[in-house]
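Participant: Sequence:
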Amino acid sequence: MRMSKLVGRKIKEDPKDAVTTSHKFLIRGGYIRPVSAGIHSLLPLGKRIVRKIEAIIREEMDAVEGQEVLMPVVLPAELWVESGRLESIGSELLRFKDRNDKNMLLAMTHEEAVCHLVRTEVNSYKQLPLMVYQIQTKYRDEARPRAGMIRAREFTMKDAYSFHADQECLDTYYDRVLQAYERIFQRVGLKNCVTIESDPGMMGGDTSHEFMALADCGEDVVFISPDGSYKANREVAVAKCEFKKEESLPLEKVATPGMKTIGEVAEFLNLKPENTGKAVFFQEASGDLIFAMIRGDLEVNEAKLRKIIASAELVHASDEAILASGAVPGYASPLSLDPAKIKIVVDRSVAECSNLVVGANESGCHYKNFNFDRDLSDAQVADIAMVREGDPCPLTGEPLKMRRGIEVGNIFKLGTKYSAPMNCSFLDQNGKSRNMIMGCYGIGVGRTMASVLEQSHDKWGPIWPISIAPYHVHLCSLNPKKEGVAAAADKIYADLLEKGVEVLYDDRGEKAGFMFNDADLTGIPYRLTVSPKTLSSSQIELKTRGAEGSSVIDLDAAATIVANTVFDTLKKKS
RNA sequence: CGGGAUGUAGCGCAGUCUGGUUAGCGCGUUUGACUGGGGGUCAAAAGGUCGGAGGUUCGAAUCCUCUCAUCCCGACCA
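Residue numbering for the first sequence follows numbering that gives the first Met the number 0, starting at 0 and increasing by one per position.
FYI, nobody ran anything at the bench for these hints, they're computed from the structure.
Hints are not guaranteed to be accurate.
Cut-off 27 Å, straight-line C-alpha distance, at most; resulting in silico cross-link-like pairs (DSS-like, lysine-lysine) [unchecked claim]: (1) K9 to K542; (2) K259 to K340; (3) K9 to K46; (4) K572 to K46; (5) K137 to K125; (6) K190 to K46; (7) K490 to K532; (8) K243 to K367; (9) K532 to K572; (10) K367 to K400; (11) K542 to K490; (12) K572 to K230; (13) K306 to K340; (14) K96 to K46; (15) K23 to K190; (16) K570 to K498; (17) K571 to K532; (18) K480 to K4; (19) K570 to K11; (20) K458 to K572; (21) K244 to K271; (22) K481 to K542.
Hey, can you work out the whole structure from these sequences and the hints?
Facilitator: What follows is the structure in structure tokens.
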């Protein structure tokens, strides 16, 4: 490609709306252009990267017997009524009516569509297991799109769905996909991508994993042990915290007028927050109240709590609801609650610590010296604590490190969450109808491109791994008007193309510094420079993006040397 | 959805507080000349609903009201 004709100019200054490195460089380098909040056009360079990422994904999906399909972006709402998600999903699902007043929606994921597809095509155990996948546009009406491609409203996703006759088959297949995912992220050149167990959340199912590209701009928090043996996201992370028991002191009511928060109470009684117990009220969708108790310095992890009480929906309870249960907000006590009205879940930190200050369920009063064993045996004890940086690793006991990550992929064991309501079933060996067991597997394609850039750049621009670089070679022709420079550059351009090397040819005749800066901002792995300086000795310059220095090679052998270098590197990296 | 910020040429900005002719600057673009290894120099040129609507005023980019858009923090997040 001749750069003089390439669509997508380089931009010298940082766009004012871009904050993250990938967002800035993708715009400045001419990879993407914003169109609306969270909606972008891909320019030719960006499209080439995306195609290469997609090609790697296709190879790996095909290698686990995936069959590529393409399902519609626009779906009739009735399919989502079947699964129940039309109701359960909020306004991030974009709904609209067509000209016949029929309810439609823009798919944000395709479980419904794939169940519709598979239930009409597959009806025998002999056809299972199977996996179909697609690389398709998704739309989520995000409340707050951000960071360019990292959290967009419209984005490209590879989503795959597997169907099995039994759980064991899913379990085996799931592990194969997990390994395929790790190969994909390694092949696209993510240097720092970790596989972590995650909380299936509203997707349902029992097991899920996330693939996190570690980057400071990531939205998700990952806890990692120093030796890397333990990795988990914030929702599921556990810590091996040790708590000290002391001799129990007698329960004592103390006046704490106007002291409602943990900080206020601790300061008033001249204690640390660790010496208090905090009450947090939650409400289930059914309206039932949950009283969660945790040591004052810790926070309740709602995902863990949800799992323990087996409730998909959990919100902070209103003061009215708390009052109605007979508890006094701000002074709520575990001691005088009616277990029939309210379920009590106590964190290990409270159960295993001694002499805590807790509410007295009376305005302006607290109890000192609460001891769980003695004072409240009738409650469920569980780990519902949010892990903090530095907490001991559950495996090694070493202090956990907290890192930020971009979720580039996730995989779920869905079970029959969708197949059951949508009647996606098959006849087994005994002629009995059973629901298919499903798994689903997603990868954010644009997000992957941005993540690679987040992890691989310098102050001048991206340093693309050759596996996804838009071109292999960036050819600069300096002073093309002089001494046969243009002719030499044209020739090596043609020779490289002949050998199958992808070349971006800067034939614009700009000043050297201008072109070099554009080359750095483009980030192609190899830069070839043709100029009078080296041409006088029948040589040209070869430089590797991101590396110091450069070398000169003989003009006659250049195309062969460069082509071999490119193809050797490509082979090694895949 | 709550809090904050910003909308002026393709991009980045000044001007707004304190209203006053033809609204500026840098980069980019076009033309010509010189220059030629890390964003060069000179000359000329094109390019503007000052986000939008309403209002105040003799007069509004500037003051007031409403509105839209974009970004940031938070909530939310298959």
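Participant: Check each numbered hint from earlier against the structure, then list the numbers of those it violates in ascending order.
Facilitator: Hint check: 5, 9, 10, 14, 17, 19 fail, others pass.
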